[in-house]
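These protein sequence lines are chains U and D, in that order. Letter by letter, the first sequence follows residues 0 to 190 in numbering that gives the first Met the number 0. Letter by letter, the second sequence follows residues 0 to 274 in numbering that gives the first Met the number 0.
If you are wondering where the hints come from, they were derived from the structure by calculation, not from laboratory data. Each residue gets a CB set at the ideal place from its N, CA and C atoms; glycine is no exception. Treat the hints with care, since some could be wrong.
[To be verified] Stretch by stretch, here's where chain U covers chain D in the computed footprint (C-beta under 8 Å, at least three residues):
| # | stretch |
| --- | --- |
| 1 | 31-41 |
| 2 | 70-77 |
[Said to hold, decoys possible] Stretch by stretch, here's where chain D covers chain U in the computed footprint (C-beta under 8 Å, at least three residues):
| # | stretch |
| --- | --- |
| 3 | 56-67 |
| 4 | 83-95 |
| 5 | 105-113 |
[Stated by the list, open to error] Here are the simulated distance ranges between beta carbons:
| # | chain 1 | residue 1 | chain 2 | residue 2 | range |
| --- | --- | --- | --- | --- | --- |
| 6 | U | Gly-165 | D | Arg-147 | 45 to 51 Å |
| 7 | U | Ala-126 | D | Gly-126 | 45 to 51 Å |
| 8 | U | Arg-97 | D | Arg-186 | 34 to 40 Å |
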Amino acid sequence: MTELIVIGTSLGGLAALGEILATLPPGFACPVAVVQHRGPTVDGVLGSLLQRQTTLTVVEPDDKTPIRARHLYVAPADYHLLVEPDASFSLSIDPPVRWARPSIDVLFESAADVYGPALTAVVLTGASTDGAAGVTRVREQGGFAIAQDPATAESPVMPRAAIAAGVDLVLPLAAIGRHLGRMGCVDRAAS
Amino acid sequence: MHRRNGIEETEIDLLVEAIVRCHGFDFRGYAWSSLRRRILGAVAREGTGTISGLIELVLHDPAAMQRVVSSIAVNVSAMFRDPPFFKAFRDAVVPLLRTYPFIRVWQAGCSMGEEVYSLAILLEEAGLYDRCRLYATDMSEDVLRQAREAVYPLNLMQRYTQNYIQAGGTRAFSEYYTATHEQAALRPSLQRNIVFSQHNLVTDGPFNEFHVVLCRNVLIYFNRPLQDQVHTLLHQSLTPFGVLGLGSKETLRFTSVETNYEPLVESERLYRRVA
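Go ahead and model the full structure; you've got the sequences and the hints to work with.
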């Protein structure tokens with residue numbers, strides 16, 4: 000049972016995220032954490048754009064923010080977002096990984112170590128190879144990895160790299176939201 | 000509590016224990032996930048294969064101990080990182096500081112000096128710098144040496160210039176450095192009111208009373224109990240109505256000192272000691 004969903008995306012990510020949010024079933028409660036690559040100085044805008052498209056509460060987490068059901072967490076600009084063993088987020092300003100901060104790999108790897116089989120990771124459209132090492136770690140720890148079908152991606156590089164690294168499922172963009180909705184998310188963080 | 004990899008967790012605990020006993024730096028209260036990443040980075044760089052291998056190496060090779068400790072201890076920042084913070088400092092804190100005849104500032108965890116020099120520039124432009132003494136501390140002598148040199152890669156200056164402009168800088172940023180080859184050396188006069196010295200937030204106590212304490216993006220590397228401990232130290236180091244500045248994603252909410260402060264500029268994490 001999935002307790003946390005992590006999503007990584009880069010070029011074309013905002014539209015793809017919007018499509019997923021639009022196709023999540025009503026009552027969807029699983030916490031979601033998103034890394035969207037972006038410039039270091041843009042702040043807050045991404046969160047408010049996403050908030051218009053979902054009933055989940057969209058948050059740019061502060062350091063040590065607890066992970067809660069019915070929340071969508073967006074990695075803040077110019078910080079890495081990590082998951083701590085007590086199911087909270089921490090942030091770091093360690094150097095960029097593969098030229099990215101926030102880095103998808105950093106989020107995925109730390110979430111995999113904490114959530115193990117209770118984690119689902121999704122790699123969407125993007126023009127880098129960030130996320131490929133992350134999905135490998137997710138699967139090593141028993142989690143589930145999904146890549147967007149590159150044919151449906153604005154930029155196919157990132158989902159292709161994830162597929163080459165190994166994923167459990169490749170889905171067209173339009174099917175990802177519904178699939179996540181069917182995964183039977185458990186809200187253990189709130190219990 | 001969710002799961003952790005049991006063996007790796009044990010190895011990390013043992014490495015941290017070896018470091019505190021044999022070197023003195025104490026990483027026991029560090030946030031687990033970023034500590035783990037830094038340790039695995041050291042394993043890769045030192046080529047030991049496992050964390051256990053790294054423990055053996057650092058226990059028998061003092062130079063390796065120093066390298067590994069430095070790589071775990073170092074935070075890297077940027078000049079005028081989070082420009083809106085410096086803008087808010089200029090607009091909301093500088094007017095308060097004008098009322099003091101002499102101003103003591105503590106930059107806790109100054110790393111290579113990027114932010115304390117930014118502050119020096121800001122105070123210079125406000126006409127206050129010669130009434131100030133800035134105490135910039137870090138636990139690592141290595142980074143303090145680099146901070147005193149005040150030389151940064153030239154290719155960073157473009158980003159720093161943008162930050163400076165967004166932070167409300169009133170001059171040309173290029174006035175503040177001399178470019179040579181691939182490096183930018185900050186104007187030596189910026190250093191005239193800065194005292195760099197070694198201080199460990201985890202193991203050392205208060206050493207003075209300050210009108211301003213900046214501790215930005217340092218506490219994010221600590222777990223909650225250690226954050227509370229260090230917040231107590233910062234609070235004890237502030238004069239009544241002194242100003243505390245945190246990183247843009249750090250908050251006093253849920254800390255033990257929350258009620259001792261009121262927000263000055265909440266969005267930029269500037270607070271004022273009221274108790």
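Do the hints match the structure? See the list:
1. Counting residues of the stretch 31-41 of chain D whose beta carbon lies closer than 8 Å to any beta carbon of chain U gives 6, which reaches the threshold of three, so the coverage claim holds.
2. Against chain U, the stretch 70-77 of chain D contributes 3 residues with a C-beta closer than 8 Å to a partner C-beta. That satisfies the three-residue criterion, and the hint holds.
3. Three residues within the 8 Å Cβ limit are the bar, and the stretch 56-67 of chain U against chain D gives 5, so the coverage statement holds.
4. A stretch counts as covered by a chain when three or more of its residues have a beta carbon under 8 Å from one of that chain; for the stretch 83-95 of chain U and chain D the count is 10, and the coverage holds.
5. Chain D is given as covering the stretch 105-113 of chain U, and this holds because 5 residues of the stretch bring a CB closer than 8 Å to a CB of that chain, at least three being needed.
6. One distance hint, 45 to 51 Å for the beta-carbon pair U/Gly-165 and D/Arg-147, holds here, with the actual separation near 48 Å.
7. About 47 Å separates the C-beta atoms of U/Ala-126 and D/Gly-126, a value consistent with the hinted range of 45 to 51 Å.
8. Between U/Arg-97 and D/Arg-186 the beta carbons are some 35 Å apart, a value that agrees with the proposed interval 34 to 40 Å.
Against the hints set out earlier in the document, no violation occurs for any number.
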